[in-house]
Every structure is written in structure tokens, then in C-alpha cells.
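A.B. asks: Read off the chains here:
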Amino acid sequence: QKEVEQNSGPLSVPEGAIASLNCTYSDRGSQSFFWYRQYSGKSPELIMFIYSNGDKEDGRFTAQLNKASQYVSLLIRDSQPSDSATYLCAVNALLAGSYQLTFGKGTKLSVIP
Amino acid sequence: EAGVTQFPSHSVIEKGQTVTLRCDPISGHDNLYWYRRVMGKEIKFLLHFVKESKQDESGMPNNRFLAERTGGTYSTLKVQPAELEDSGVYFCASSQDTSSEQYFGPGTRLTVT
Chain H
1 QKEVEQNSGP LSVPEGAIAS LNCTYSDRGS QSFFWYRQYS GKSPELIMFI
51 YSNGDKEDGR FTAQLNKASQ YVSLLIRDSQ PSDSATYLCA VNALLAGSYQ
101 LTFGKGTKLS VIP
Chain U
1001 EAGVTQFPSH SVIEKGQTVT LRCDPISGHD NLYWYRRVMG KEIKFLLHFV
1051 KESKQDESGM PNNRFLAERT GGTYSTLKVQ PAELEDSGVY FCASSQDTSS
1101 EQYFGPGTRL TVT
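Chain order of the listed sequences is H and U. Counting in the working numbering, the first sequence runs from 1 upward without gaps. Counting in the working numbering, the second sequence runs from 1001 upward without gaps.
I should point out that these hints are in silico values taken from the structure, not numbers from a laboratory. Take these hints with a grain of salt, some might be off.
Said to hold, decoys possible - DSS-like, lysine-lysine: derived pairs with alpha carbons at most 27 Å apart:
| no. | chain 1 | residue 1 | chain 2 | residue 2 |
| --- | --- | --- | --- | --- |
| 1 | H | Lys108 | H | Lys42 |
| 2 | U | Lys1015 | H | Lys42 |
| 3 | U | Lys1041 | H | Lys105 |
| 4 | H | Lys2 | U | Lys1044 |
| 5 | H | Lys105 | U | Lys1078 |
| 6 | U | Lys1054 | H | Lys2 |
| 7 | U | Lys1054 | H | Lys56 |
| 8 | U | Lys1015 | H | Lys67 |
Construct all of the structure, not just a fragment, from the sequences and the given hints.
C.D. replies: Okay, structure coming up:
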């Protein structure tokens, strides 16, 4: 059973602070890692993806991957109230001849003005 | 460029009835995926098309679910007959390559009463 674990939260941070979201995964064969943002009642929106160990930065977002520890994280700098949403960690692994995304349950982030 | 579209956005049917969901992927994306999220659970993979071929349908819950992608463009997911436990949000996603990032549609919220 391939699993992706996230702290469900809610994680509350003040506006302007750094929000840190964490995710662990069980399948060592996982090859690519994604962070989706989901507003209530909306579809998941891709915000970051990372394939190699280390950090990847895009604007206020930084994804960090450590394959040895089977750990991936998302940092949001200068958090804004509009960042309040559920953040889904998803892991892509080759299963049954196909790349399937396995999702965590998501971490709810609340940015307090 | 248009994103992934899904129809209908909501569907309420009675147990035993049939429902057909439709997904139009991003133009040029050969890979099309169906996922489902039931209340309180994480998003789960259902199946994956590459063009018109089913690459992987290991996530389909049972034979009441039938997915098609004739012509390799849009896809339909039919549930017949629907059961109460089929209620949830059905997402479609598409990607250019099998291992690359997947973009999600707005989802169809299915309620079986």
C-alpha cells in the first residue's frame, strides 16, 4: 500500500510569516513530487513540482525534497490571506505500468491577517 | 489555452440510476486520468488513458464503472447502477507525458440518494 502522509492541520500562521508544510511518502520508487493548492469547493491547482533532491524555488514558494528521508516540504514565504487553502502533497510512482498520483489528505493552512 | 473541463458540475441521482460524466482534457494532452474523492478521504486514482487506450484501470472500484475515450479526445465515465457509496467528487486530469505534471479539471460532484 503506497501512502502519503500529511499533517491535517489546521496550520495557522500570521500574515507575512513563513508557512511550512510537510509530507512523507512510503514508496522509495517514487520519482516526482507535486504540491497542489485546493480552495474549498474547487479543484486542485498545481503550484509546484520537484523531481530531484534539494530545493526548488518559484516566487514565494520553495519545494524541498529529500529522497533518502522520503520527505518533501513546501515553504511559503510572506504568507498572504489568499494563501489560505488546503495543500495537497502528491507523489508520482510507476505502478501497474502506469504513473499514478498518490495523494495525501492535505494540510489546511490559515493565514491570519 | 483552455484547461481541463468537466460536465456536469453537479449530479444528483437515485440509487440504481445511471450517470455519465464527461471530461475534455487540455488540447494535445494524450494522457487522461480519472480520480475520485469521497467525503473525508484523500483523492484516489481510478484509471489512466493514453490516447484511446486504457493504460491502467487498477483503481476502478468495480464493474459498475465504465470509462471510455473513443477517438482519444474526451472521455466519459459511466456509473451503472449507482450506489450510495459512489457519492463523491470525480476529478479528471490530463498531462502531456505519462510522468509529467497533471492538471485537474473542476470536478463533478456526484450525490447518490
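A.B. asks: None of the hints should be skipped; say for each whether it holds.
C.D. replies: Here is what the structure says about each hint:
As the CA atoms of Lys108(H) and Lys42(H) are separated by approximately 14 Å, the hinted pair is consistent with the 27 Å bound. Under the criterion of a C-alpha separation no larger than 27 Å, the hint pairing Lys1015(U) with Lys42(H) is consistent with the structure, at around 26 Å. With a C-alpha separation of about 6 Å, the suggested pair Lys1041(U) and Lys105(H) falls inside the 27 Å cut-off, and the hint holds. Restraint check for Lys2(H) and Lys1044(U): the C-alpha separation of about 11 Å stays at or below 27 Å, so the hint holds.
Between Lys105(H) and Lys1078(U) the CA atoms are separated by roughly 26 Å; this keeps the pair inside 27 Å, and the hint holds. Distance check on the hinted pair: Lys1054(U) and Lys2(H) sit about 22 Å apart at the alpha-carbon level, within 27 Å; holds. Among the hinted pairs, Lys1054(U) with Lys56(H) is inconsistent with the structure: their alpha-carbon atoms are about 33 Å apart, more than 27 Å. Note on Lys1015(U) and Lys67(H): the hinted pairing is violated, with a Cα-Cα distance of about 45 Å set against a maximum of 27 Å.
In this structure, the hints that do not hold are numbers 7, 8, in rising order.
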